[in-house]
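First residue of the sequence shown? That's 1 in the UniProt record's numbering, and the numbers climb one at a time after it.
Worth flagging that the hints you see were computed from the coordinates, not collected in a lab. Any given hint could turn out to be false.
To be verified - Derived DSBU-like pairs (lysine-lysine); straight-line CA-CA distance at most 35 Å:
| id | residue 1 | residue 2 |
| --- | --- | --- |
| 1 | Lys29 | Lys44 |
| 2 | Lys34 | Lys44 |
| 3 | Lys9 | Lys29 |
| 4 | Lys9 | Lys21 |
| 5 | Lys44 | Lys9 |
| 6 | Lys13 | Lys44 |
| 7 | Lys29 | Lys13 |
| 8 | Lys10 | Lys34 |
| 9 | Lys44 | Lys21 |
| 10 | Lys72 | Lys9 |
| 11 | Lys44 | Lys72 |
| 12 | Lys34 | Lys9 |
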Amino acid sequence: MKNLILNQKKLRKKMIDLDIKNINELSIKAGVSKPTIYEYINGKSPLSTTFIRLCNYLDVDPYEILIEIEIKSMEE
């Protein structure tokens, strides 16, 4: 099974491009809570309206900052 997660390197690059210094600043400017952003960074699947809001603020296509990972099933 595969899952989409946030590509941290691309997020950081986009933050640098927009002169956003930290997650707190991103949270305020994008209107997305810090805990939610940290959940995305830590691998929670970001397919939600708040993720879209974050992408809209960053002016980036959601698929541009997502990566696909393999999820091991319980049977393996």
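So, going through the hints one by one against the coordinates:
no. : hint            : in the structure
1   : Lys29 <-> Lys44 : holds, 21 Å
2   : Lys34 <-> Lys44 : holds, 14 Å
3   : Lys9 <-> Lys29  : holds, 20 Å
4   : Lys9 <-> Lys21  : holds, 14 Å
5   : Lys44 <-> Lys9  : holds, 16 Å
6   : Lys13 <-> Lys44 : holds, 20 Å
7   : Lys29 <-> Lys13 : holds, 16 Å
8   : Lys10 <-> Lys34 : holds, 18 Å
9   : Lys44 <-> Lys21 : holds, 23 Å
10  : Lys72 <-> Lys9  : holds, 23 Å
11  : Lys44 <-> Lys72 : holds, 15 Å
12  : Lys34 <-> Lys9  : holds, 18 Å
Of the hints listed earlier, there is not a single one the structure fails to meet.
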